[in-house]
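All chains should be built: construct the whole structure from the sequences, respecting the hints.
There are 2 protein chains.
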Amino acid sequence: MAPKYKLTYFDFSGLGEPIRFIFHYAGIDFEDNRLNREQWAKLKPNAPLLQMPLLEVDGKTLHQSLAIARYVAKQVGLAGDNDFEAYEIDAAADTANDFRLAVVHYLSQQDPTIKQQFKEKLEDEKIPLYLNALDSWAKKNNGYLANGKISWADLYLVAVLGYLSYFLKRDLYEGYPNLKKVQDNVFANPGVNSWVQRRPTDHFPL
Amino acid sequence: MAPKYKLTYFDFSGLGEPIRFIFHYAGIDFEDNRLNREQWAKLKPNAPLLQMPLLEVDGKTLHQSLAIARYVAKQVGLAGDNDFEAYEIDAAADTANDFRLAVVHYLSQQDPTIKQQFKEKLEDEKIPLYLNALDSWAKKNNGYLANGKISWADLYLVAVLGYLSYFLKRDLYEGYPNLKKVQDNVFANPGVNSWVQRRPTDHFPL
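Just so you know, the sequences run in chain order S and C.
The first sequence begins at 1 in my numbering and counts up by one.
The second sequence begins at 1 in my numbering and counts up by one.
Hints are supplied without guarantee of correctness; some may be wrong.
Put simply, identical chains are the same to the list, so a pair is met inside one copy or across any two.
Below 25 angstroms or equal to it, Euclidean Cα-Cα: the simulated DSS-like pairs (lysine-lysine) are [stated by the list, open to error]:
id: 1; residue 1: Lys-181; residue 2: Lys-74
id: 2; residue 1: Lys-44; residue 2: Lys-180
id: 3; residue 1: Lys-74; residue 2: Lys-60
id: 4; residue 1: Lys-181; residue 2: Lys-6
id: 5; residue 1: Lys-44; residue 2: Lys-119
id: 6; residue 1: Lys-115; residue 2: Lys-126
id: 7; residue 1: Lys-149; residue 2: Lys-74
id: 8; residue 1: Lys-115; residue 2: Lys-74
id: 9; residue 1: Lys-42; residue 2: Lys-180
id: 10; residue 1: Lys-121; residue 2: Lys-140
These are computed hints drawn from the structure, not numbers from a lab.
It should be emphasised that the depicted structure is a prediction, and the values quoted were computed from it without experimental measurement.
Written out as structure tokens, the structure is:
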């Protein structure tokens, strides 16, 4: 019998979205349990590390978004065919995640003067550093981040660049034509395409 | 023929040390290429994302420390026997890495007032949050972080807690008896034990 999956996260794309993308890509049914603030406040004290997303499967509750994404990707053949392919995918996904953390680090600054300094560093250094590297890998791999074929790293990047573009109020693909090809390749999948057409619009604050 | 490994990192434990631990645990020869500042300045422009560690193997250069550690761990049987075991190890290693990032985030603050605020948040919230969680997993798994047996997550945690204790000038194992058991289990390995006895002493700044 196919396992029953229940994903619990905010009513927002965020760190839940890469996992949602993997399920939709593979056409796997899952419960998309989207919590509002009150529901999360109730659950939070019992969540490992006080964090979401959480994935319930076969009576177990999984946490840590990258580890969940990799686990689900393995079940659907998106995690490489050998150890070296898996490494290439992991390194690309970790780089996408490092970029995410750099943006979040800027967004979380409270002091206006310091935030402005972070903004300049982000624009002048971090965004080019990470997106040039990712773009060069996408060029080498014909529109994929690793191994010349689709993997969960591509889905992870496209899910993350979507909501980071929203937060930064700019199109992060602009100037990175090979990353745009990654997005095209991910959105060409019927399951992802259908999900992106009908998914709830992000609103923040939640 | 056994692959030839060359690890390039600072002359410091840091993010190179979990990978060194895995090699020493498994008794695998590798070149421990420790760069001084001048050597690193020369290499840096050509390093992916301007970062170390780098691992050369079979004519390829690997980057991203967690992805490297997972790859090497797979070669020596420290990455779990099935997808769910691999997940448990990944989630534990990511948690150890999140803890590392929280400490680095504090250490990197320049403004004394803000740094003091970060210090209080680290001491009162972050350290207990992460180390209580890790300690509870170590308790459930009899002195290991996952699956009731040794994995690269244990080696990762012990390598990282070593140098974070050095930076924070305190023994991070104090008050966490089950993490101390993880350390005991890691140090019980003859290869790791011998390395820890003879490894270069960390000095900072490099």
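(message) For each hint given before, does the structure comply? Return the numbers of the non-compliant ones in rising order.
(response) 2, 4, 8, 9, 10
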